Every structure is written in structure tokens, then in C-alpha cells.
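Enquirer: Below, each chain spelled out in residue letters.
Protein chains: 2
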Amino acid sequence: MSATTRVPQEERTRAMRQRLMDATVELLVEKGFSGTSTTLVSERAGVSRGAQLHHFPTKNDLVVAAVAHLTQIRGSDLEAAVDRLPEGPGRTEAVVQMLGEHFASPVFTAALELWVAARTDPALLQAVGPLEQRVGRETHRLTVELLGADESRPGVRELVQATLDLVRGLGLADTLGDDARRRRRILKEWARTLDAALEKGGTPQ
Amino acid sequence: MSATTRVPQEERTRAMRQRLMDATVELLVEKGFSGTSTTLVSERAGVSRGAQLHHFPTKNDLVVAAVAHLTQIRGSDLEAAVDRLPEGPGRTEAVVQMLGEHFASPVFTAALELWVAARTDPALLQAVGPLEQRVGRETHRLTVELLGADESRPGVRELVQATLDLVRGLGLADTLGDDARRRRRILKEWARTLDAALEKGGTPQ
Numbered sequence: 001m002s003a004t005t006r007v008p009q010e011e012r013t014r015a016m017r018q019r020l021m022d023a024t025v026e027l028l029v030e031k032g033f034s035g036t037s038t039t040l041v042s043e044r045a046g047v048s049r050g051a052q053l054h055h056f057p058t059k060n061d062l063v064v065a066a067v068a069h070l071t072q073i074r075g076s077d078l079e080a081a082v083d084r085l086p087e088g089p090g091r092t093e094a095v096v097q098m099l100g101e102h103f104a105s106p107v108f109t110a111a112l113e114l115w116v117a118a119r120t121d122p123a124l125l126q127a128v129g130p131l132e133q134r135v136g137r138e139t140h141r142l143t144v145e146l147l148g149a150d151e152s153r154p155g156v157r158e159l160v161q162a163t164l165d166l167v168r169g170l171g172l173a174d175t176l177g178d179d180a181r182r183r184r185r186i187l188k189e190w191a192r193t194l195d196a197a198l199e200k201g202g203t204p205q
Numbered sequence: 001m002s003a004t005t006r007v008p009q010e011e012r013t014r015a016m017r018q019r020l021m022d023a024t025v026e027l028l029v030e031k032g033f034s035g036t037s038t039t040l041v042s043e044r045a046g047v048s049r050g051a052q053l054h055h056f057p058t059k060n061d062l063v064v065a066a067v068a069h070l071t072q073i074r075g076s077d078l079e080a081a082v083d084r085l086p087e088g089p090g091r092t093e094a095v096v097q098m099l100g101e102h103f104a105s106p107v108f109t110a111a112l113e114l115w116v117a118a119r120t121d122p123a124l125l126q127a128v129g130p131l132e133q134r135v136g137r138e139t140h141r142l143t144v145e146l147l148g149a150d151e152s153r154p155g156v157r158e159l160v161q162a163t164l165d166l167v168r169g170l171g172l173a174d175t176l177g178d179d180a181r182r183r184r185r186i187l188k189e190w191a192r193t194l195d196a197a198l199e200k201g202g203t204p205q
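These protein sequence lines map, in sequence, to chains F and E.
According to the UniProt record's numbering, the first sequence is numbered sequentially starting from 1.
According to the UniProt record's numbering, the second sequence is numbered sequentially starting from 1.
One or more of the hints may lead you astray.
No copy labels: a pair is met if it fits in one copy or bridges any two.
In silico EDC-like cross-links for lysine to aspartate or glutamate, where the CA-CA straight-line distance does not exceed 16 Å [stated by the list, open to error]: (1) Lys-188 to Glu-93; (2) Lys-188 to Glu-101; (3) Lys-59 to Asp-22; (4) Lys-31 to Asp-121; (5) Lys-188 to Glu-158; (6) Lys-59 to Asp-195; (7) Lys-188 to Glu-79; (8) Lys-31 to Glu-43.
Don't read these hints as lab results, they were simulated from the structure.
Model, not experiment: these values are computed from the prediction.
Throw the hints in and build the complete structure from the sequences for me.
Expert: Laid out in C-alpha cells, this is it:
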């Protein structure tokens, strides 16, 4: 096989895998983990059953690959949002609102489906656990950087962690039909409190 | 049927329903929503298939009743914990640690399984949604009372809500194998920040 024919083939394969991953994430959001089947995924992706089974023989193979794909989407989503953040006084609120939106997105919903399924599925947990730890560490590092927080000062690390656990809790509430207005109000207040606690010139209540 | 024979029969029925509910909650924790079947529940509860089907003809009937049962357990769990709270300076931390433990208990895990299943199951959502709203309101009211928080002051309501969303986020992290030490450290710092924000004599960072 010559280089000119091999490259398009590799591209087609990559595009097909990408469609399968996208379809898996979409179906996790729409139908949940238990409602996501390999048949539905290949239909949605417009990929033949044979080709799908060749790349991902089982549902777990598919879902594990989708977790990695999801991790990548989450990372680039956040990095893209970072570029739109203002400098100066409104920055802390902009950072926590950005995190709040991120944890209320379909990408969070798909991840939630995987977490909950992994809780009672050891094989899935083995794939989801380490990835989730990596995403957690990276999100923490990014948040510290964006807030300009000094973690060598006592309590600062815990407040950054609390901020991330707060947006995770708000994301979970959102999946049950909570509304964005409530989330924004809470995060606005948390940003003021965080500013005061981090001594960045915010006004304590 | 005389009163003397009717009363024991009613008691037996109540005890049997109670066993079915307990078994459902246990199975939700152990095997998740999709791994919980009516057959497994009747086996676990030691109740005949016929009797179980008489009281709860479908899995959704069983799970919806278990949600109500769970709601009751969660309420009385919290009320019991309230009696053990100290008065004075350590109270805010004791309140948030109590909430943290409550949201990291098996009862939270079972509720999480129902929430996530309800997200993509309209019939289940119809039962879970209103109950969850009621529990949310009651937990909020209790938290305000325990913290002695004055919600007429700007920002206080949002900080109480943030506290509950935080413990929900910590509870979710806990189901993926997070540890209690991390949770306690975060909540200790949160309590200090909350005390400062609520002007209850805490020391701002």
C-alpha cells in the first residue's frame, strides 16, 4: 500500500472512530448508560455494525474509549473558556461562573452517567477512576492558576477544592431540572465570599 | 373479621412492605438502579413473588415507594443527628460536618441512583422530582435553623444553598471512592469561611 492511499484510509478510520465516540456521548446524555447500546451507537454514528464491532467489540470498550474522548472534550472546553475570562475585579466571579457552566453542560451529564454506572461495575471503574482523578487534578491546577490562588497559605487549597465540589453539586442538581438562574446567584455570592477569604479585595458580607 | 385478628394482619403487611423497601434501598446501593430487579428484591426481603407483586406490580412501583421510604429515612437520620450537635463556637463546623456525613451515606447513594435513572425515565422523574424538591426545601429550612442564619440579610440564603450544593458535590465524589479525610478538611475550612461571612465571630482567612 502506498503512502498516498494509506493516509486517506487512516483519516477515514479516525473520522469513523470520532463519530462513534460522539454518538456514544450523545446517547449517554439522551438515554443514560443503561439505555445506550452498541446497536444504537452504530446507527447514530452511521457506521456499519461490522466496522463498529471491529473497533469496539463490547459496550464497555466503546464506553471506555468515550470516557477518554470525553476527558479530551472537557479539557479543551475549559481551555477555550479560559481565553474569554476578564482580568481585574470581576475575574473571580467569571472563573466560578465558567466552572459552574462547565459542570452543568451535557459533557458533565455524560460523565455522571459513567461515574454512576462505574460505581457498581468494577471493569468500568478501572477505566473511569484513573481518568477522573487525572481530570480532577487538572481542573484543580487550572482553577488555582485562574484564581491566582496561593496554596501555600493555610486554607486556600481547601477553598479551591470546595469551589470544585460546589460546582459538581450544582451540576448534579442541574440534571434534575434545576435552573441556571439559581446557580448563577449562588456562584455570584460564593465568588464574593471567596474573594474575601482569599484577601483579594472582595467585601466580606 | 374481628379487630383482634385484623390488627396483627395489618402489622404483618406493614412489616412485609418495610422489608421490601429496605431490600430495594440495599440493592440500589449494591447493584445500582439497572441491577435492581423485583426478583432480587423479593429474594432479599424474604417475601414471596406473589405477595411482592400484589403490593408492587412493577419495578417502578417498588422504586417509587422506596423513594418515599428513603425520604423518610433521610429526614429522621438528619433529625437524629441534630440532637448530637454542640452549642457555641464549634456549632457551624459541627453542622456542616453532619451534613457532609449525611450526603456521603448509603442513603445518598441510593437516592443518587434514583436521580440518575429518573433523568432519562419520565415516569420515574414524575415521582422523584417532587419528592426531591420537598426534601431539598426541608433540608434547607433545617440548615438555616441549625446555623441560626438570618436569610433576610443579602447573600445569606445563597450561602446556605451553596453549603448544601457543596455537600451534594462531596457526596457524589465520595461514591467514586473519595475519602472522608479530604471531605472533613474541606468542610472545616468551609465552616470558618461561612462563620466569617455570616458574621458569627469566625476569623476571616
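Enquirer: Hint by hint, note whether the structure agrees.
Expert: Evaluation of the provided hints:
1. Only within a single protomer do Lys-188 and Glu-93 lie at most 16 Å apart by alpha-carbon distance; the minimum there is 6 Å, versus 23 Å between protomers.
2. In the homo-oligomer, the alpha carbons of Lys-188 and Glu-101 lie at most 16 Å apart inside one protomer (13 Å), although the nearest pairing across protomers, at 26 Å, exceeds that limit.
3. For a Cα distance limit of 16 Å, the shortest separation of Lys-59 from Asp-22 inside one copy, 14 Å, qualifies, whereas the shortest one across copies, 32 Å, does not.
4. When the C-alpha separation of Lys-31 and Asp-121 is checked against a cutoff of 16 Å, the pair qualifies only between copies, where the shortest distance is 8 Å, while the shortest distance within a copy is 18 Å.
5. In this assembly of identical chains, Lys-188 and Glu-158 lie within 16 Å of each other by CA distance solely across copies; the values are 9 Å between and 19 Å within a copy.
6. When the C-alpha separation of Lys-59 and Asp-195 is checked against a cutoff of 16 Å, the pair qualifies neither within a copy, at 45 Å, nor between copies, at 49 Å.
7. For the homomeric pair Lys-188 and Glu-79, neither the shortest alpha-carbon distance inside one copy (22 Å) nor that between copies (31 Å) is at most 16 Å.
8. Within a single copy, Lys-31 and Glu-43 get their C-alpha atoms as close as 14 Å, which meets the 16 Å cut-off; across copies the closest is 29 Å, which misses it.
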